[in-house]
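Sequences are here, hints too, so could you generate the full structure?
Take a look at the letters that make up each chain.
Number of protein chains: 2
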Amino acid sequence: MSKVRGGRVKFDPKRILMSGGATGANELIMFCLADPGDAFLVPTPYYAAYPRDLCWRTGLQLIPVHCDSSNNFKITREALESSYKKAKDDNINVKGLIITNPSNPLGTSLDHDTLKSLVSFTNDKNIHLVCDEIYAATVFDSPRFVSVAEIVQEMDDSSLKKELIHIVYSLSKDMGFPGFRVGIVYSYNDTVVNCGRKMSSFGLISSQTQHMLAAMLSDDEFVDNFLKKNSLRLAKRHEHFAKGLEEINIKRFPSNAGLFYWMNLSTLLKEQTFDAEMALWRVIINEVKLNVSPGSSFNCLEPGWFRVCFANMDDETVEVALNRIRAFVIGNKKETTTNNSSRGKKSVVEVKKRWQQNLRLSFSSSRILDHHENVMSPHILSPHSPIPASSSPLVQAT
Amino acid sequence: MSKVRGGRVKFDPKRILMSGGATGANELIMFCLADPGDAFLVPTPYYAAYPRDLCWRTGLQLIPVHCDSSNNFKITREALESSYKKAKDDNINVKGLIITNPSNPLGTSLDHDTLKSLVSFTNDKNIHLVCDEIYAATVFDSPRFVSVAEIVQEMDDSSLKKELIHIVYSLSKDMGFPGFRVGIVYSYNDTVVNCGRKMSSFGLISSQTQHMLAAMLSDDEFVDNFLKKNSLRLAKRHEHFAKGLEEINIKRFPSNAGLFYWMNLSTLLKEQTFDAEMALWRVIINEVKLNVSPGSSFNCLEPGWFRVCFANMDDETVEVALNRIRAFVIGNKKETTTNNSSRGKKSVVEVKKRWQQNLRLSFSSSRILDHHENVMSPHILSPHSPIPASSSPLVQAT
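So the sequence lines, in the order shown, correspond to chains X and H. Residue numbers in the first sequence follow the numbering used here, run continuously in steps of one, and reach 1256 at the last position. Residue numbers in the second sequence follow the numbering used here, run continuously in steps of one, and reach 1256 at the last position.
Since the hints were derived computationally from the structure, they do not count as laboratory data. Please read all numbers here as calculations on a predicted model, not as lab measurements. No incorrect hints appear here.
Note that the list lumps identical chains together, so a pair holds whenever it fits in one copy or between two copies.
List of simulated lysine-lysine pairs, DSBU-like, C-alpha gap at most 30 angstroms:
no., residue 1, residue 2
1, K953, K1056
2, K1147, K1056
3, K1101, K1147
4, K1147, K872
5, K1020, K953
6, K953, K868
Listed below in structure tokens is the structure:
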């Protein structure tokens, strides 16, 4: 944890709680901090599975703090105050604020001042601040990642109520170990540490895996190299993907972290509604065969945003993905032109066929094709979602 | 699972839910079946951590079905009806019955007819039956273990509502893998399977561990040998320990399974109360230095019962334990005699010193002594307990 944060902060091992993945860690901290019916504020857009992880079994509720593209989805004090006031007016007991830093789905890390303002806001209101820092090591460009632990360290001599601050961490994203189910809660609150430790029996980490990880993470050289290389590779992939999108004029949100892009496809929507966003999502999933997540699943207020992951595939697959996007956007433009000239349905099919042919050319073997068809098929959308409708885009988000 | 049940039943892999240990599996099935405030019946004495595992975070409550030694703690229909009626009278919504078969702490497996009667009872009342079978492979003597899955198979053509039946399993006890955190829920209920699968994200098993276990459990010869040897060794240890206890006239409950004895120390109580039981427990923990669990922590209605684990130690340690018990019981008898002859406090100290000296002789090296002192020290009682008081005997039970 310290290495990922540039060695700028020290963590006390006694304050670390282990849990089954970030999913279990997020639930654990909520069980510790809130009773059923209590609420946590969460800036939008936010991780699509938060309702499951934070609320499903704990019975608490999320109050969105709506942010928008007009100021680059900045979390402003005004937006926080507004959501907090509304909740209070509705007689809802607000227990805290949870943020994801770096953000999923935005792919941005919070700057020092914004983070400090969130600490101040939560301290002023005497509510908890939970910082989900599971993407900490995915920051590959400036500004550098600032952990809330740094803010705590800076403000520690002042009247900071650090017992209101908690960090969620995991090795799933930063070390690429999602299958190892290593989730961590780091809390500055003694009561939470005591309570959470008793709760960790529900999601302990396999001793075999702990043993291997202890050996692996004790190897400073390996970890340093891994983090460095990972960052360089992410930067490279990010740049490559960005260029591909720029070529076809797809707007993407400027990002410096994460394993994904937040891209704006609003120009492809038939109308600026979430229904149109869902319609486009279905086309992308079922016909373009790309596994993207619509903004509505992240509770984004503006239709047309989509999150596309670029990190979990090899170089060849990236080209397949870019070709598919390219073909789809070009096809879509032609389709729009064709529709405008009233040539009707037949030519739409022709256009589709054209880009489908283009795509097939980009595959090097049928085995890879099969593989990708499987990976991207909506039939194997993650079953680990509480959302009953199997067609829900929420099950896409990871 | 099938092997452990003598190959007499077949399990459908699609009905298996994985979870982080039996702790997580027990919680998962409760989250699926009950709402906060709902209740489950549970025969006494029962696993001391059930209140944590089943109720702490789910908000449900346990209604004891009191069983006693007069009929060997048999779970009778009368006792079940009585607890069920009382709960109904108190306007409590009874959602099911949970049993541990083989029993922890009794070390006995349920016979076929009793198990069938429990299925009938729950079916008649239209409530769920959860069978915690985590000690299935610890049966080392007749009667053989009967899984509820066999009853389901037998009654499947009749009007059995098998969707009310669920099995909890784990590899912690049967295969000796508690650290691997492999818990399983096997449910005959499609809705539970669907819901539980979405919930399993909170306690998934490390992929590394899954990989190793798949290889290990696919080796039929290894598993068959392991189960056979395990059973033989348990039987041998059970017999050896039994003889040791018989020599000093300690009554133990006749058992055929489990990793522990349920022994009756009521003759050592100063009076037949739970306060006296706790007083004796403290002496055993702090002075005799044996890690036993008092019956009250298992919600047993009769004072004086204690559970002692005999399986998780090597032969030498067994001798140390038996020597300690022997010395304590003999010392205790001498103490009683001495007290009766009004010689006062000094001689009690003398007696204690004597059996402490005896004990020291039984250790082969100071390293082992240190080790055992640590293992048995109350200072390292399991921290994974929701019970706040560190002196609670509940934290002893595993």
